[in-house]
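Number of protein chains: 2
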Amino acid sequence: MPEFFNVLPPDEARELLFQHLTAVLPAETIPTPQANGRVLATAVTAPHALPQFRRSTMDGYAVRAADTYGASESLPAFLQVVGEVPMGHPANVTLSVGQAAIVHTGGMIPETADAVVQIEQTQTVGGERLSVSGEESPISNHQSPQFPFEIEVLRSVAVGQNVLQVGEDVRLDAEILSSGHSLRPQDVGGLLALGITAVSVVRRPRVGILATGDEVVAPEETAAPGQIRDINSYTVAGLVTQAGGVPVLGGIIPDNFAALAAAAAHLLAETDMLVMSAGSSVSVRDMTVQVMDGLGQPGVLLHGVATRPGKPTIVGAVGGKPVLGLPGNPVSAMIQFDMFGVPAIYRLQGVHTMPRRGLVWARLGQNIASESGREDYVPARLEDSADGLMAIPVFGKSNLIYTLVNADGLIKIPLNKGGLLAGEWVEVRLF
Amino acid sequence: MPEFFNVLPPDEARELLFQHLTAVLPAETIPTPQANGRVLATAVTAPHALPQFRRSTMDGYAVRAADTYGASESLPAFLQVVGEVPMGHPANVTLSVGQAAIVHTGGMIPETADAVVQIEQTQTVGGERLSVSGEESPISNHQSPQFPFEIEVLRSVAVGQNVLQVGEDVRLDAEILSSGHSLRPQDVGGLLALGITAVSVVRRPRVGILATGDEVVAPEETAAPGQIRDINSYTVAGLVTQAGGVPVLGGIIPDNFAALAAAAAHLLAETDMLVMSAGSSVSVRDMTVQVMDGLGQPGVLLHGVATRPGKPTIVGAVGGKPVLGLPGNPVSAMIQFDMFGVPAIYRLQGVHTMPRRGLVWARLGQNIASESGREDYVPARLEDSADGLMAIPVFGKSNLIYTLVNADGLIKIPLNKGGLLAGEWVEVRLF
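Protein chains in written order, with numbering that gives the first Met the number 0: chain B, 0 to 430; chain R, 0 to 430.
Excised from the complex, chain B in its bound form (with noise of 0.2 Å):
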């Protein structure tokens, strides 16, 4: 196969590699308190609305607003109490015209009440302004005062003041969550607000890695003259499970094309993606490509995406999977697997928009070349200043770990720019 026949810009790479994916992976139900991050597979709908009954938004008392209408300071209406809504109860009071019920912040209003009179706008009928607390207030929750007793009501509600409506937070049916969701904190909140204790989501994609190359040792070792740790098994799979996927480390193969073969067939047969990190040198490549091509349809899709750094990226897809390989040096590898495996793992769950969290606009520090044609990323810290979030650059060789280890993020210069200059606004794509 020829060197670098198919060398594309980064955005119709991955769209290239999307076409060969398989759709979305199997679903699998589990309980909802733990679905934090986990991917919808179908839509939920309300089972019922929310609220159910209709709530007060204030501590006061339920009232027919026709008793109100007029009220005032100097002329209040006369209201008599007589009762109380217990919260969590049921709201067992029926009230008869000029007659109001107790209820507390949340609470049920009776069907013959159709508004909230805040307390603050109460006084009792001496004249005492009605305290909002303390033991000497009727609306405490834990003596009841004696009923009936009256009170003056200092100025008018509308129909529906102060309440909440059925259905106001949610209607019935309605679809709250959309497949391909992938669900946060309040997604739990309101799934169990309506009773909803277990969820279908889309199974973890599982990733197998493999480090490969004669000089690579597992970090526990001593790395001897010309041997260097593994350290992308280790990055990449903490990628991959910021992104929801779960890793599978496959340890580090030997520069040998039968032994490379045989663990890349292993593994990809029992995950949903496979990365090879490859060396850095051109026979190892060439013996990923072919590794690659040899595991099945459609097998590699190109060589070599149009960034810097990263351009020897192998991206393929072997019977629905995406399989890539990454360039040996850490920084590259990282980078890639960000470009084209977090994707990936969004995509495989059905993900269609990939989430905003990690990206930041900033004013650069200093200029910055690149090449018009390709998509550069530098290694930039942030810093607080007078002129609002800077960027400095991190300047370092492209396969030096500790670039990317004192950064905060990736400065993306874009496909068409030669360069950017000092004060320029720039993405940084936290890192």
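By construction, these hints were calculated from the structure, which means they are not laboratory data.
Hints are supplied without guarantee of correctness; some may be wrong.
If several chains are the same, the list does not tell them apart, and a pair holds so long as it fits within one copy or across any two.
[As the list claims (entries may be wrong)] Pairs of lysine to any residue residues, derived as SDA-like cross-links and limited to a Cα-Cα distance of at most 20 Å, are as follows:
{"#": "1", "residue 1": "K416", "residue 2": "H180"}
{"#": "2", "residue 1": "K411", "residue 2": "G357"}
{"#": "3", "residue 1": "K396", "residue 2": "E382"}
{"#": "4", "residue 1": "K411", "residue 2": "V393"}
{"#": "5", "residue 1": "K396", "residue 2": "R170"}
{"#": "6", "residue 1": "K411", "residue 2": "I391"}
{"#": "7", "residue 1": "K396", "residue 2": "G166"}
{"#": "8", "residue 1": "K310", "residue 2": "L15"}
{"#": "9", "residue 1": "K310", "residue 2": "S369"}
{"#": "10", "residue 1": "K416", "residue 2": "I391"}
{"#": "11", "residue 1": "K396", "residue 2": "F52"}
{"#": "12", "residue 1": "K416", "residue 2": "G357"}
{"#": "13", "residue 1": "K396", "residue 2": "A157"}
{"#": "14", "residue 1": "K411", "residue 2": "L7"}
{"#": "15", "residue 1": "K411", "residue 2": "P392"}
Given the structure is predicted, the values throughout are model-derived calculations rather than measurements.
Guided by the hints, dock chain R onto chain B, whose structure is given.
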């Protein structure tokens, strides 16, 4: 205790809380590959330089730079290739004047070499331009050529060119990560590259969560008229987990001073932080205040924060542990926990700079009114448009959980603003 004796702006309220917290929780040692998201308890220094040996950044020939001076396409330098440095092995080749050795990307450089010539800048003596790959290449890793053979170098290299020097990534004894740093995948990689396979991190804060209210039932129960399901326990638990804490759910406690006081004391004793999600009625709030003061010193620090939603939040501390009384309404509870609980979780781990991950800027889709002197949070949906990212407010009463479910984040209206105008750039906190 007087009602609302102390309503502070959020920043001052947070500072007041922080002053009463234990500096940092105790440390524990864990395997580095499992340390993503954890916070370093102590600074880490490099036990050796990285790289530990001089490495080639190219496929090509290790040379003595002086032997290539003046070389050009028309007047190449002739070098004798006397050996190869295999990947993963020490460079056991000694170069005399006019000699070179095959090296691969990432491989070790012989001690007698001081630069690398890229293979593309060479040709065999017959004039054949060398391919960088394929079976005919002399630098393929898998078949050794016959040594010695001659090459022509078509361009001179400077001393150090295409070579990573010892310590160029990290110097011996350099402080590579500071205490209080929250570990990311690249940090884990950087530690493992140095053979640091275990790290001392701050124990995850355990956060006790109590729901209170006579009207509150568990999510799996059928809510009778007047009752609602507990969701605050789960939304707060989700935020705790996101921030690196461990939620400990204490269940639902009735509106009864003795019951709440006992449950709070018990849960606080076995956790690092306590959250009580009380009802919204004033009498329940008063009870929460009394319970908090009864737990220990200093107890309640302030009632109420100058924000909407969420003003009636109670902020306290007991024996160095944060204690929060959140409003019962689910929107206020989440926003207030995000404002005080989340920063406290980071602070207990020794993190002094909150992560920037959740902030984006967008143009406001329509006017929003606010009151000066109060920080407002308005749920908003984000939409891409020709004018950039737009933030569309999601209106609705502040106690409707689905206003948050239907939003991507919260627009913050600063303390000193009397509202925002459509088209303004606004900060949206992704949520």
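Violated hints - listed by number, lowest first: 1, 3 and 12
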